[in-house]
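Q: First to last, the protein sequences are chains A and B. So for the first sequence, our numbering puts the first residue at 1; every next one is plus one. So for the second sequence, our numbering puts the first residue at 1001; every next one is plus one.
Not one of these hints is a red herring.
Pulled a few chain B residues facing chain A out of the computed Cβ check, cut under 7 Å: (1) S1059; (2) R1194; (3) E1241; (4) A1284; (5) D1285; (6) N1286.
Derived by calculation from the structure, the hints in this document are not laboratory data. Keep in mind it's a predicted model, so treat the numbers as computed, not measured. Positions of the beta carbon are idealized from the N, C-alpha and C atoms, including for glycine.
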Amino acid sequence: MDELSLYGVTLASRLLVGTAQYPSPAILATAIKAAKAEVVTVSLRRESGAGRAGENFWALIRELGVRVLPNTAGCRTVKEAVTTAQMAREVFDTSWIKLEVIGEEDTLQPDVFGLVEAAAILARDGFQVFPYTTEDLVVAEKLLGAGCEVLMPWGAPIGSGRGLNNPYGLKALRAHFPGTPLVIDAGIGAPSHAAAAMELGYDAILLNTAIAKAGDPVAMARAFALAVEAGRLGFRADPMQPRDMAAPSTPVIGRPFSDLARA
Amino acid sequence: MGKTPRIRVIGAGVAGLTVAFEFARAGCPVELIERRAGPGLGCSHFAGGMLAPWCEAESAEQLIVDLGVESLKFWTQTAALAQRCGSLVLAPARDQPELTRFARRTSGFERLDAEGIAALEPDLAGRFEQALFFTDEAHLDPRAAMAALAARLQEFKNVALRYGAEAKPSRDKDADWTIDCRGFDGRDALPDLRGVRGEMLVLATSEIRLARPVRLIHPRHPVYIVPRGDGRFMIGATMIESDAPGPVTARAMLELLGAAYAVHPAFAEAEIIETAAGVRPAFADNLPRIRCEDRRIYVNGLFRHGFLVAPALARRVVDIVLEGAHFPEVMDADPGERQSA
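Isolated chain B (complex conformation) (with noise of 0.2 Å):
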């Protein structure tokens, strides 16, 4: 095959367009098939974009830190399309237990206390009496951050981007290799795939103003808020088993809009500009993998930490093909053991 193999990247979510990026960047060959008319319209269109390695450690496994620390470097410098502002923990006055829990769970933070809060974000003076600070964490706006590597891919001599367009399984042999980033499209391939719902909406407000993502504690879903950019806020994200696609639930819009209330309430005066839900791919562990059949590679089950964790992913998948390299963190050991994941 050469030095330099050529690569069918199939989907062209996050997944797929930061495995397209590092091939590009590798010299090789790259088709990106995407069978929605343009970039990132499937599940990351809908992500919050938070950038929060050590946050998350409070429900998830090291792995995921680790993955997600490696691939704050890719946003922040290597694509330099993320913002580093930290990101803020705050519970309600009566779940102030969860705040220990969740201070217990997780590093990297420093305490604040109600007078630090409104020195780092005005408009949530006097409305939190503590509250924790993820120092190195960051976020971006997953629509913005997919469109530019799209537009970047683009230059590229070496990458042909085919939007709207089928990869059809007899197509396979024109690539030295076919690297399947489907995410819950891709279940037809890997049955012990689940989706797991999630439900946002965007908010439009002038009446604040924050430079960071906050997450409320709250006892179902981690709600967080991401300001994107002129008086708009992300609000998610709703975590249910099931892989119902449709519309937002009553109960969804009142609970995300319940924790946006209780961090200000000026959110209630804020226009709804956008309700959506997303199906998440998932493994049983809730962990991603990149599991290799033959010359086919499949990476998927990136759950709730697609930006998180892509890039680093995607780097694996390249020193896979490229060198032969073996990533057990996230490589089944054998084939057998997916049955018992």
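Excised from the complex, chain A in its bound form (with noise of 0.2 Å):
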């Protein structure tokens, strides 16, 4: 069996998937089912308000039957994302914490520093880190020393819907680390880019907005479902190489016919 495991933890699927901004907390259900995910990331600022207030919403969250990957979205600060993660730890009984530090208003990109910082934090606390992070190599390296097991590159900018902006990136950091498990987070808008990122070989897929803000939102899942899968089977399978010229699947020995088409 083709397994995922995240610190650990055994999951068929490799798509996990937000909470936020659905239509209705039933259609997030529904949909959550189509895409076959087994985690499923909330935000604890985003949804609550102050203190336990939002028990409703993560009752309905729990009832669902999956594993729970809090994050720390929309922090800014080291010590708010220490905060959450410890509020996280607290409400939903897991040391998952799905760490973010935003650095910058525009594009919603990681604070790198200060995420090596928090998860280092985090780590020594007993936390198992999914830092949200950009595809720097470097930075990579600093995560794992700070005790994470897995990264999570982003795709392109949070809820943008551009896809993998620097392939090339991707792939080094897939080829750099290749018994780490890597998840692609934030920027996928279409099922073809999650099939393209899994064909880099990337483990898992991490997305909320391209299928909450879909027209039809369980349609979607069932459609990046799909595509997480085809792409990982497409890069089990081992596929061909891209050539520059046509090679024929029929010999054509003497090229006898474009010879006479030159002529």
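Two chains, two separate frames, one set of hints: put the complex together.
A: Structural data, given as structure tokens:
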């Protein structure tokens, strides 16, 4: 079986989905089933307001029977992210945390310095950290050094739906860390983007907006499930190498017809 | 029970008031009980008052559009409390793809260019290149509308209004039917009801005039600016999965003010005359329900669509009681469905 292992947890599905921005919790639940997702990410800050007042929504999430990966979405400082992670551990009773430390307002790109610092603090505190990072190799090294066992590089800015902005960088990251689970997090807009990332050898895809804001979120969830599966199968099947000239599937010894055409 | 059953309505928000109004018009003896000191002081108090069924199609199901179109007639003709000036949907230049998406998901609009926008709302001249103008939509001032409905109810001889009163279950027998319209306060009887917090503020400025609601495409909340007359503008509303009623957060304030400022920088000079948060009642699918249990009917889960759909629901409740009608679009097929909903 081709299973994914994240911090020792074995998963059959390689599609992780967010829970924000759906038209309703009922559609969210149906979409998660259609995506066959086993992990959903939940924002503590966004969905709860103050204290534990978001209990009802969290209860709905728990009823889905999937593993919750709480996130620190919207956090801008190390302290904020660490505090949010600690609250999330209490609320969801898990040591998993998707760590986001946002550094720039327009691109919502990670503050990688704060990210490494927060990851080290959380890992020391017993968290299993899923850092939302860029495709930068050095940052990736430092995150692993800080105790992360999974990396989540972006495809493109959060919510942009642009797909894989830097396939070269993502390929390099994959080649550099062959044994580390790599999850593309953010920027995926269409199922083809997800398939392309999987074909690069990425282990999984995490996305939210592309499903939640689709005209038919449930159908789109299924589309992504199929795309992720197709991309993974394609990667494992050892795809052919592209080449510059046509390579006919039947022999053309002597090329008589092409010579005639030229004459 | 005879032809004119005695009706007890609990809750004088927009749902309770419209239900009481429709029963009163049908000639039934109506007792409207509200635990607060007057009508419309619950979550309806903080509503935007946008009657925008075509816009809502962007994120809501067709049922909301249908109930909304049906209810428009009540607000603009039957009760004549709404102004029908359409509504305008704008997006900052960087969010143009979102406007394209909005247009794809909705109908009943005209596309406007900068000139068209200026012709419609002169104060927005030169600020936006594109807009969608939903020509048939309307808006009202929720507080004025509820006060007016309550005043009209007062004039019916067959209606008793009791504010500041608790609805004791032991008094259920005084009426043939009890219509429970308590909104989020009614969750004791409706365990699948959840609260969705909404934050709003009211600004006052004489520098800008708007004739109609303006909705700004925003990545997280549908933000709208509804003119309330006298230079007042209601800015709403956040949508947060929380039932905490407390004061507005700084984050919500920043987001709402940021949106207002994006529509027109003159809003930065406005006075903030009110900030408030309310808790909307919603079921898991964010659709309203009429739920019948013996002689008690619950009308709840109106979510962010209270004014938009209440009159259509009220009509249905009257038909259920007086004619034994059934409306599958808003009623559970069987009580078991509730758990899976």
